[in-house]
Amino acid sequence: MTIASIASSIALGVLLLGSVILCARPLGRYIADVMEGRPILALRLGGELERALYRVAGIDPARETGWKQYALNLLLFSTCGVLFVYLLQRVQLWLPLNPQSFGNVTPDSAFNTAISFVTNTNWQGYAGESTMSYLTQMLGLAVQNFVSAATGIAVAIALIRGFARHASPTVGNFWVDLTRSTLYLLLPAATLIAIVLASQGVIQNFAAFKDVTTVAPTTYAPPDEPTGPGTNTGAGTATLSTTTGTQTLPMGPVASQEAIKELGTNGGGFFNANSAHPFENPNAFTNFLELFAILLIPAALTFTFGAMVGDARQGWAILVGMTMLFTALWLVAASSEQAGNPLLVSLGVDQQASADQSGGNMEGKETRFGIGASALFATVTTATSTGAVNSMHDSMTPLGGLAPMFLMQIGEVAFGGVGSGLYGMLIYALLGVFIAGLMIGRTPEYLGKKIEAFDMKMTSIAILATPLVVLIGTAVAVSVASGKAGVANPGAHGYAEILYAFSSAGNNNGSCFCGLSANTPFYNTALGLAMWFGRFWVLIPVLAIAGSLAAKKRAPVTAGTMPTHGPLFVVLLMGSVLLIGALTYVPALALGPVAEHLMIAR
Amino acid sequence: MLHSSLRPALVATMVIFAFFSLLTGLAYPLLVTGIAQAAFADRANGSLIVTAGEPVGSIPRGSIPRGSTPRGSTLIGQHFTGPGYFWGRPSATGTRPYNALASGGSNQGPLNPAWLDAVKMRIDTLRAADPANTASIPVDLVTASASGLDPHISVAAAKYQTARVARARNLPVTTMQSLVAKHTQGRWLGIFGEPRVNVLELNIALDALALDATR
Numbered sequence: 001m002t003i004a005s006i007a008s009s010i011a012l013g014v015l016l017l018g019s020v021i022l023c024a025r026p027l028g029r030y031i032a033d034v035m036e037g038r039p040i041l042a043l044r045l046g047g048e049l050e051r052a053l054y055r056v057a058g059i060d061p062a063r064e065t066g067w068k069q070y071a072l073n074l075l076l077f078s079t080c081g082v083l084f085v086y087l088l089q090r091v092q093l094w095l096p097l098n099p100q101s102f103g104n105v106t107p108d109s110a111f112n113t114a115i116s117f118v119t120n121t122n123w124q125g126y127a128g129e130s131t132m133s134y135l136t137q138m139l140g141l142a143v144q145n146f147v148s149a150a151t152g153i154a155v156a157i158a159l160i161r162g163f164a165r166h167a168s169p170t171v172g173n174f175w176v177d178l179t180r181s182t183l184y185l186l187l188p189a190a191t192l193i194a195i196v197l198a199s200q201g202v203i204q205n206f207a208a209f210k211d212v213t214t215v216a217p218t219t220y221a222p223p224d225e226p227t228g229p230g231t232n233t234g235a236g237t238a239t240l241s242t243t244t245g246t247q248t249l250p251m252g253p254v255a256s257q258e259a260i261k262e263l264g265t266n267g268g269g270f271f272n273a274n275s276a277h278p279f280e281n282p283n284a285f286t287n288f289l290e291l292f293a294i295l296l297i298p299a300a301l302t303f304t305f306g307a308m309v310g311d312a313r314q315g316w317a318i319l320v321g322m323t324m325l326f327t328a329l330w331l332v333a334a335s336s337e338q339a340g341n342p343l344l345v346s347l348g349v350d351q352q353a354s355a356d357q358s359g360g361n362m363e364g365k366e367t368r369f370g371i372g373a374s375a376l377f378a379t380v381t382t383a384t385s386t387g388a389v390n391s392m393h394d395s396m397t398p399l400g401g402l403a404p405m406f407l408m409q410i411g412e413v414a415f416g417g418v419g420s421g422l423y424g425m426l427i428y429a430l431l432g433v434f435i436a437g438l439m440i441g442r443t444p445e446y447l448g449k450k451i452e453a454f455d456m457k458m459t460s461i462a463i464l465a466t467p468l469v470v471l472i473g474t475a476v477a478v479s480v481a482s483g484k485a486g487v488a489n490p491g492a493h494g495y496a497e498i499l500y501a502f503s504s505a506g507n508n509n510g511s512c513f514c515g516l517s518a519n520t521p522f523y524n525t526a527l528g529l530a531m532w533f534g535r536f537w538v539l540i541p542v543l544a545i546a547g548s549l550a551a552k553k554r555a556p557v558t559a560g561t562m563p564t565h566g567p568l569f570v571v572l573l574m575g576s577v578l579l580i581g582a583l584t585y586v587p588a589l590a591l592g593p594v595a596e597h598l599m600i601a602r
Numbered sequence: 603m604l605h606s607s608l609r610p611a612l613v614a615t616m617v618i619f620a621f622f623s624l625l626t627g628l629a630y631p632l633l634v635t636g637i638a639q640a641a642f643a644d645r646a647n648g649s650l651i652v653t654a655g656e657p658v659g660s661i662p663r664g665s666i667p668r669g670s671t672p673r674g675s676t677l678i679g680q681h682f683t684g685p686g687y688f689w690g691r692p693s694a695t696g697t698r699p700y701n702a703l704a705s706g707g708s709n710q711g712p713l714n715p716a717w718l719d720a721v722k723m724r725i726d727t728l729r730a731a732d733p734a735n736t737a738s739i740p741v742d743l744v745t746a747s748a749s750g751l752d753p754h755i756s757v758a759a760a761k762y763q764t765a766r767v768a769r770a771r772n773l774p775v776t777t778m779q780s781l782v783a784k785h786t787q788g789r790w791l792g793i794f795g796e797p798r799v800n801v802l803e804l805n806i807a808l809d810a811l812a813l814d815a816t817r
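Chains as they are written, first to last, in our numbering: chain V, 1 to 602; chain G, 603 to 817.
Since the hints were derived computationally from the structure, they do not count as laboratory data.
Everything numeric in this text was worked out from a predicted model, so none of it was measured.
Accuracy of the hints is not assured; some may be wrong.
To be verified - Facing chain V, according to a computed beta carbon distance under 10 Å, are these residues of chain G, among others:
1) Thr615
2) Ile618
3) Thr635
4) Phe682
5) Arg691
6) Pro699
7) Leu751
8) Asp752
9) His754
10) Ala770
11) Gln779
12) Phe794
13) Gly795
14) Pro797
Ideal placement from N, C-alpha and C gives every residue a C-beta, glycine not left out.
Given these sequences and hints, build the entire structure.
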């Protein structure tokens, strides 16, 4: 490990965080204006369209609802999405924009994928370039990339209103919140990013796949049986008996999908290799833009929070806590990956960083990204609920792989998903002030709202639901034959693949230790359920808290009020996140990456 | 009571869902496609490399001029095994390397014995192809990329191979070194990207060089 290699990795991360925070501030205020319906230019321009839409849909935009109706509308909308995406996959063969004539998706895979995209998880049991028609990618998956992100924003805004309002029976109008966050935020930003990506080589067309005549022929062993991408070994020990001079390049409307995939913290790749695929992420600049797009809205929402509760410092405190958690785990991943694999040293392999190579653990990484941009991407994608990958996490070093896994397990609150990151972190803030209240013997308060029994019950459900889903899911999968059958790597790493899968599904991330063959009825069903409950068992209690808080009066600040914008609060906040995360997951992690680290470092 | 609130909610769900499906599922990708095709069609269509040559039967219609053959994409790597070509990263796209229909990595863990065996085999192959070269092998030459389609190798990996390629091509090593130097891309602003060489472009340039030499 030379100083230079780590230095450029760190410079890249600092530049990313700096530019995100710089842009997040004005964007956060803009989001507050949009969601509060202030007569800014954008809303005046779209006003006509918005009103027409509400008229047809029979919605009175001025009429707000309580949290229960808000949650019901949200659930109806999400269920409608699941049904539509499921049906679309099941009939895609007979629909247009399917130049490769991909067949209809199997019922269990279609079920899994429908839930996956509606819950903003974007776990993918299938390989895009050999499964989904262009129409399914656009009309099914991309639509959910937009509206599942908009749903997350809506819930976060409803919760902020809970804090900001005084004795109010309502938390907002779900339809208006959904429409405005899509029309005035996601759609224009995604269009801009998509065009920039296409200018850099991310493909955007509706052509059939293209055959090219390769410079040299490829001799290979024909597969005895069709192998899924997850079961690749690349060992090539069989007889090389077939020769081809043709390479078939996949095509499709990728840039439009890629932009919203990152901006909405979705993460579902057009291709199996996701953002490692050169057609999704061709160079270091697109990589930076994709990372920027992932972090932008989650960071901006902390400023929206500050603006809507009328105290910018409150938003800053949350943002600082998020950034510190992020930085700690990013440095673990970056240094561990740069150090490389100790087993390769004795084989005469050069893993040293130099002016001529990035060095480090390059298995499952792209040359153009090297260690710095790969470790940063792995951290960003799991600190948020994105799950896009530009390297294969399954091949990371034990500690390098532990960092993304733990970031998901703490609930993706270091920036977090679009909306879900902020509401997740605010739930931890409630827990933090509750614990502090117990310690000093006062009724806990946050932003002038008394935190009472109902709020804490809902907080507990929101915090404990995902660990329950993750740990029970993992326990079941390691106990049954159909669960163990999917494992690709022997020993502790195989168990880690399963733990990672349920951590990813339960926390709506979508990245994987992809050696696990998850496109089976068992995993499609189990992970589908994990995603559904992982999303709504958090989201509905959050809305309940929003309703409860909105109805409360705002207590005046007194000498006994604990300030929630200083360093003490930031420490308390991070303490609650790490305490819950460690208490819940250390035993599970000890059996996987920790055991593996001890074995490799021996 | 529930009925009275459910019915308008269902209507709203249907209308809003249909609206956003059309807007973000059709209008948005069509708009982006229109702009991309008008402004940078080559890139939006896969950054194809077209060299003069005999036409093949399967040329897709579109921007490729008659009489030329697309030889690949600058962004997508190809498989090279001959001693006279620079080799790319090992590829884990099933049993057929650089199969662009099955992108992906090996997904083998850092302790997996099968992975270690595969790495040892790659080391042996490299050593056998150039026994005189005793330098340590750059890590990217023996580890599979994430996409299986990585178009690049590190500059170190290109330098490692120059002597072998020069010998096989009967060209001076210095010619080979300057060719590699010409195709080297560094870190932009010292931060973005890693030192790398595009293997397909390098090998096409190598073939052109050999063609000139025979003329």
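Going down the list of hints, with the structure as the test:
This hint holds: Thr615(G) has a C-beta 5 Å from the nearest C-beta of chain V, less than the 10 Å allowed. With a least beta-carbon distance of about 6 Å to chain V, the hint placing Ile618(G) at the interface is held under the 10 Å criterion. The closest approach between the C-beta of Thr635(G) and any C-beta of chain V is roughly 5 Å, which is under the 10 Å cut-off, so the hint is satisfied. Against a cut-off of 10 Å between C-beta atoms, the interface hint on Phe682(G) holds, since the closest Cβ of chain V lies about 5 Å away.
A least Cβ separation of about 7 Å between Arg691(G) and chain V falls short of the 10 Å threshold, and the interface hint therefore holds. At a threshold of 10 Å, the smallest CB-CB gap from Pro699(G) to chain V is about 6 Å, leaving the interface hint in force. For the restraint placing Leu751(G) at the interface with chain V, the shortest Cβ-Cβ distance is roughly 6 Å, inside the 10 Å limit, so the hint holds. Satisfaction of the interface hint for Asp752(G) is found here, the shortest Cβ-Cβ separation to chain V being roughly 5 Å, below the 10 Å cut-off.
Because the closest C-beta pair between His754(G) and chain V is about 4 Å apart, less than 10 Å, the hint holds. Hint on Ala770(G) is violated. Least Cβ distance to chain V is approximately 13 Å, over the 10 Å limit. Using the Cβ-Cβ criterion of 10 Å, the hint placing Gln779(G) at the interface with chain V is not satisfied: the shortest such distance is roughly 13 Å. About 4 Å separates the beta-carbon of Phe794(G) from the nearest beta-carbon of chain V, less than 10 Å, and the hint is met.
Satisfaction of the interface hint for Gly795(G) is found here, the shortest Cβ-Cβ separation to chain V being roughly 3 Å, below the 10 Å cut-off. Satisfaction of the interface hint for Pro797(G) is found here, the shortest Cβ-Cβ separation to chain V being roughly 5 Å, below the 10 Å cut-off.
Going through the hint list in order, the structure does not satisfy hints 10, 11.
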